[in-house]
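Novice: Chains A and B, in that order, give the protein sequences.
FYI, the UniProt record's numbering numbers position 176 of the first sequence as 176, with every residue one higher than the one before it.
FYI, the UniProt record's numbering numbers position 47 of the second sequence as 47, with every residue one higher than the one before it.
Worth double-checking, as some hints may not be accurate.
Okay, the calculated beta carbon distance ranges per label pair [said to hold, decoys possible]: (1) Glu14(B) <-> Leu284(A): 46 to 52 Å; (2) Arg31(A) <-> Asn65(B): 25 to 31 Å; (3) Pro194(A) <-> Asp97(B): 49 to 55 Å; (4) Thr45(B) <-> Ser32(A): 21 to 27 Å; (5) Thr45(B) <-> Ala95(A): 38 to 44 Å; (6) Arg8(B) <-> Thr203(A): 55 to 61 Å; (7) Asp66(B) <-> Asp274(A): 43 to 49 Å; (8) Glu100(B) <-> Ser108(A): 52 to 58 Å; (9) Arg8(B) <-> Glu13(A): 32 to 38 Å; (10) Asn155(B) <-> Leu71(A): 48 to 54 Å.
Simulated from the structure, these hints should not be mistaken for lab results.
Beta carbons: idealized from backbone N, C-alpha and C, even for Gly.
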Amino acid sequence: MKHLLSTHDLSVEQMISLLETADYMSEINTRSISKVPALRGKTVASVFFEDSTRTRLSFETAAKRLSADVLTFSAASSSVNKGESLRDTIETLSAMGVDAFVVRHKSSGAPQQITQWTNASVLNAGDGWHQHPTQALLDTYTITRSFGQLDSMKGRTIAIVGDIKHSRVARSDIDMFTRLGAEVILVAPSALLPSHIENWGVTTASSIDEVINSVDVLYMLRMQRERISASNMPSLREYSSHYALTVERAARLSPHALVMHPGPINRGIEMMVDPSDLPGSRILQQVTNGIAVRMAVLFTLLGGDLTATATGGTV
Amino acid sequence: MTTVSSQRSELLGEADIERAITRIAHEIIERNADLSVVVIIGMQTGGTWIAQRLRDAVSRIAPGNDLLLGAIDISMYRDDFSLRPRVLTAPTDITFDLTEKTVVLVDDVLFTGRTVRAALEALNDHGRPRAVQLAVMVDRGHRELPIRPDYVGKNIPTHFSDEVSVGPGGVAVMGLEKSQS
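Chain B on its own, in the form it takes in the complex (with noise of 0.2 Å):
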């Protein structure tokens, strides 16, 4: 049967969250060997919060690595600006050289790789990374660029209309299409 409906379907609980982080945490920590070269940086704003508690979850997991932190704002960087009214909301907050860094690029929701693209743009103005890894609360799907996550908190299949939010309380999915049932 289909129907056409707004439906908001909660997919994961705040208890989901904390257990998603604490596994990207201990993923970061295996996969970089050395942690003194690692820095997390958010992606202003939806990132920005995620990105704060997992430099506290890898302080927490292995004591006496307390990674660098900041944050970055990609307006200017946009490729759609004509597509979307702009709003600048905070700015970009990075103290450091990113130069031979491994920089763990956090945001809330993966979808079209555009945001994600734009980052690499930006990142590349504070210094050359060795390496930018990124991670995800929630990779929705529909790319539109060649651009993968390296960490994933969840998976979850959408329609391409859906509105997808993230929150420390949980994940949320706002479907206005029709949906087979």
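The following block holds chain A by itself, in its conformation from the complex (with noise of 0.2 Å):
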């Protein structure tokens, strides 16, 4: 595996060879040095053109982690600001000797186009609508995990609320929950939800009231005000009241029900009830597990195949 651009690229195989290589690594982040040698001399780029902040700490953490080192580029305090394209910018960081990008940008296929201009591998890290292929494995790492059901979510039922059309994460969610056999349900006005969705293996519900008492998991999505223009969106008091997470709904929730958000949260929109107060809530789970997921990843693409099997004999 050379670069990670989409949840469309992995084969179940090796989502699940990535899920285990993040066990290992969790060990590595319970220790009180959190550090390892393994990528040493390799070097990390991130290069993020849109805001992030658990994203873009947790890839570089996770790089740290294993004694990688990271180049840190932020286009807003860049030469993108004197006109500088997107394929100077990589070519120049190329020639810096960057092993690896951890690239987020606004545009869908961005980090697919990069590829042509460089030798490095690329992790995608969020464009535009597209993909967040990392949001996906580290959800279902969290998931997997928290039932102990570790290379399947046959069985379960996942909703997905809020606006699936301009979410990336919604995006590969879905598609990962599918592939290892959730049954996933999207929850969301119709203005909110992509136009061709026959094909995603999914079911639809148009309040969150339908599906509270019988989901496993409860995946909260955060409300993009930055994509969404004023015409096509419903008003958020309008939305709130069909798609808000409340205390009382809350209450409905089967007792062994997972909440996520994959960040940041507002708070008063979709969550109108505080994650720390819910019982079930693995909103910072995921952030922990975020950073397993990156360096199992980081690990993946720059330390050789993990699929490959070992040959015989004690070195």
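With the hints as a guide, dock the two chains, each given alone in a separate frame, to form the complex.
Specialist: The following block contains the structure:
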């Protein structure tokens, strides 16, 4: 595996292998000295053309725990402001000796494009409405490890609630969850559902109340106000009345049900309840797991192919 | 006469392994006056069963001394990543601080010494041991680093390309080299 651009690039076997590698990385993260020399001498550039707190810091932390060197590029303080193109930016960084680019961009397909301009590995850290594969891996990791069913989501019902249309997280999660056997229900107003979902293998519901009693996982999406034009959007108050998690609704969740959110949370819009009051909340666990999962991805891309089998002999 | 052949020699049997473990346990007890600071750490995965049996043997010979047992994986510490396929086996399992402990590091085969070098680095991430002693079932020679074992089940001269396999049932050497006979 050279790049990670989309969940569609991963076979089920590769997903499971990455999750197992993340288990291994989780042990490192519990140590008092949580740093290993595995990627010493490798350089990882985090190249973010769009704002991020957790994904950027998570990737950078993951790279540092594996002893890679990290270059941090932020469009806001770079020569992009002098008109430097994406291609020139990538080629310039490549010339400095980068082994992996971690890329976030507002345009779908930008990470794929970047693979044409560099020999380094490219990791998609979110491109437009398209894909966010490490988020899907960390969500899958969180769900499978919470339920103790490590290599499958068979028998689990997962409701993804909110702005599906503008959500790369939803696209990546839906692909990975369904391929691992979960039943996925999309809960959104029709204006916030993508137009062609017939082939996604999902069902839909028009209110959170229809599903809340029966789901194993309630996955709340962020209302992406920055991507939405005023015209096609229902009023926030109307949205909240059908799609927000409230104290009353939370009380109707099954005792074992998980509540997840990719962050950042819009308190008072999709989350009308304090997550710390929800016993099933895995929102902070998602953040913790994100580091282990990204360590697994970086190690797999930069350290060799884990699907290869070892030759015998003790050295 | 020189022949080229693939041959497998059984060099130790199950009873020999048991005797070697008992002897090494006696040596550990003799060498460490204060057993309360001694911990046994097996290398994943070949050394862990030996570590477990060494710990049991120490408890049997010196009742009341149940040494702490751990396992260490060195996949993330190797210096030859690019030279071999990587498989993450079992993770490290050390639930105690190694600071001021005497660590008996246990592996099945001592060869170039690179695995032990990596293990010494890995151990330091779990505290600063007072001392580290090395116990191996087989020392097959061909060291590439200044590392020597403190406890050895059996010294077995080998060709560099031989394969040595160690298990509870015994030790075998698979030779693919020209051999003098």
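Novice: State the violated hints by number, sorted upward, taking the hints as numbered earlier in the document.
Specialist: none
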